[in-house]
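J.: Going line by line, the protein sequences match chains A and B.
Numbering follows our numbering, in which position 126 of the first sequence is assigned residue number 126; successive positions increment by one, without gaps.
With positions in the second sequence counted from 1, the corresponding number in our numbering is that position plus 1000.
If you're looking for bench data, these hints aren't it; they were derived computationally from the structure.
Among the clues, some could well be false.
[Said to hold, decoys possible] Dumping the calculated BS3-like pairs for lysine-lysine here, alpha-carbon to alpha-carbon at most 25 Å:
| no. | chain 1 | residue 1 | chain 2 | residue 2 |
| --- | --- | --- | --- | --- |
| 1 | B | K1304 | A | K91 |
| 2 | B | K1141 | A | K91 |
| 3 | B | K1319 | A | K91 |
| 4 | A | K91 | B | K1139 |
| 5 | A | K91 | B | K1040 |
[Stated by the list, open to error] Over 10 Å on every C-beta distance to chain B, these chain A residues come out as not near it, computed from the model:
| no. | residue |
| --- | --- |
| 6 | L30 |
| 7 | Y57 |
| 8 | I112 |
| 9 | F143 |
[What the hints assert, rightly or not] Pulled from the structure, derived: some chain A residues nowhere near chain B, Cβ distances all over 12 Å:
| no. | residue |
| --- | --- |
| 10 | V41 |
| 11 | F90 |
| 12 | T133 |
The beta-carbon is built from N, C-alpha and C at its ideal position, and this holds for glycine as well.
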Amino acid sequence: MTKKLPFSTFTIALFVIHVSSLMPVHAGQLAVGLNYPGLGVRYHFNDRFALELRGQYDSDENVIGMRAYRYFTRNKLSLFAGIEADYTGFKLDIIEGMGYAAEMFAGGEYNILDQLSVQLDIGPAWVVLRDNTTTASVEGLEFVVGIGVNWYFGGNR
Amino acid sequence: MKQALTTLMMLAGIWTLCTGGVSVGMTGAVHQKVQELKDKVTKDKISKSIPIIDSITASATSVSTGGVITVTCVAHDPLGQPLQYAWSANTGSVQGTGATVTYTAPGTPQQSTVTCTVSNGTNAASARVSVYVGVGMLKWKYQTGGAVSSPAIGDDGTIYVWSSDGRLHAITPQGIQKWEVMTGVSGSQFNDPMIDDQGVIYIGGNHNLYAINPSGTIKWQLNLGDNTATPSLGRDGTIYVGNTTSHNLFAINPSTGGIIWSTTVNMRGSQSLCVIGKDGNIIISGDNVIYAGIYSYDTNGSRKWNLCKYQGYTFAIGKEGTIISLSGAVDAIDPSNGTIKWSTTTYAMGCAAVDNGAIYFCGSCGYSFDAFTGVMFWQTVLSGYTYNTTPLLGDNDKVYLSRDTILFCLDSRTGLVEWQYLVDNRLSSPSIDSSGTVYIGSSDGNLYAIQGGACWRIPHGQNSNMIGVTPVGLNNREDSHELDSTEFLG
């Protein structure tokens, strides 16, 4: 499975982010999201702040973590930035271990319907992994693109 | 915000150009790092990976001088990397590459070491196997309380030896005592036990002849009034034994221990002076001034003939019944009338061994003569001195000679020394069992079980009539499968 997006993806992403429209975001809303490759539950405290508990699973590794969102615009396309902290575990044929990741991200959420939105974000992540069998470890920077679909419930419109 | 986002996207684009792409989802980022970690660990493991040598074995742990064996090394790499094999030997030569090679032994008896070094390109391990070239292998030794006689081997493989402290020992082929019995016979090392068809063991010495059941109980004992020699078994099971001072020959009932008849012969010695000829007659020697010579008696105790040329010491019976007498020289005697068929002036001691066409004995050297003509086949210079011992003929054209403290295994066709074994004190005559294990007693109090094991031979015809094969480098061995622990070179 490829884990990299080609450069052309960013051209499209830039286009999407620069399309603006007005769509209010309601405080107290709860959203269930499908992100690649996992699930998340997001709660909007107000128009500006939201927290998301998310998990991602792949054949060799899985990640569970928390995201904090800060929204800057409240339109059909809402722009946001945030931070993410994760715990990860992995298991391959010759290594097995755990690690941590931290990311700063920025992106946009586009409301297709009242309750349905798609989002795209990008940011640098610092990943630290340690092999339990040999105590070898690696750490370093990765750029991460996040894509997802959200379904909103309730809240005050 | 849009400006910051645009900046971030540009950074991501640069990152993508530099690294080939960005990760999708946090699992993608983790996956990239996991692969980095896996590469790092793999590289580390490869750098530390050392081939493991499971075994190194030789097709035989002993080989005759100049013989050939194969040596095989079984090894693997923990990471499955391909292996290369490098071989060497401190003596002799190694031919071939790969996991199995051929080793050619040097031309002189010694212990040789064949070493295999296995490499995975990064690290290497080595292992050695010892190969005994021309040296016998000790399987076990059994300690007694005195000098040990020549062994006698029962049909079930039990080895019987008498020790000069008076005990008769029954020992399994594995070297474990089955039983021992005090006989009261003491003194000379050469009171050799004899076994009859029923497995009853007879041992003579001092004034008595003992018959001992295979279970270790004394069946009977007979006082013959004088030192008795090693008894001989007649065709009908009758026991014949001479004594050494009163000069009598006795025929004894094996069931009861009763004397059937006795006759006066002037004889001496405590070794096997009495043998049974092909015609069933009893051949015995004496050294009295008047009656010096060799005597033949029939099974009724009547003298058939006597040869008074000189004193006779020991006898062996050839295939045609010819009596081979060793008494400082060698005489072949017609068993029907006691006339000499041929004789040599070759100095000879101990007893001879006779096969279909050759006789083997020791004197100044080891000798083989044509049993029919008295023509020498070969002589081989051997160290040590020959006492009154008898050569032993084994399978595969081997003849075993004990000289003083050394047991020699020779090729009976060429006289080439295949292996030798050294002990601390004087040896008895050897015996051999069906597995090829040679048993021999010693005045050092031990019974030795020795395995040659070499099956490779000089092609017939080479080195025949060889003279001057002098053994060197006596290095007895006590392990059959010495295998060194693996040592790491990398």
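J.: Take the hints in turn and mark each one as holding or not.
T.: Hint by hint, here is what the structure shows:
no.	hint	result
1	B:K1304 to A:K91	violated (98 Å)
2	B:K1141 to A:K91	violated (58 Å)
3	B:K1319 to A:K91	violated (81 Å)
4	A:K91 to B:K1139	violated (53 Å)
5	A:K91 to B:K1040	holds (15 Å)
6	L30	holds (22 Å)
7	Y57	violated (7 Å)
8	I112	holds (20 Å)
9	F143	violated (4 Å)
10	V41	holds (16 Å)
11	F90	violated (5 Å)
12	T133	violated (8 Å)
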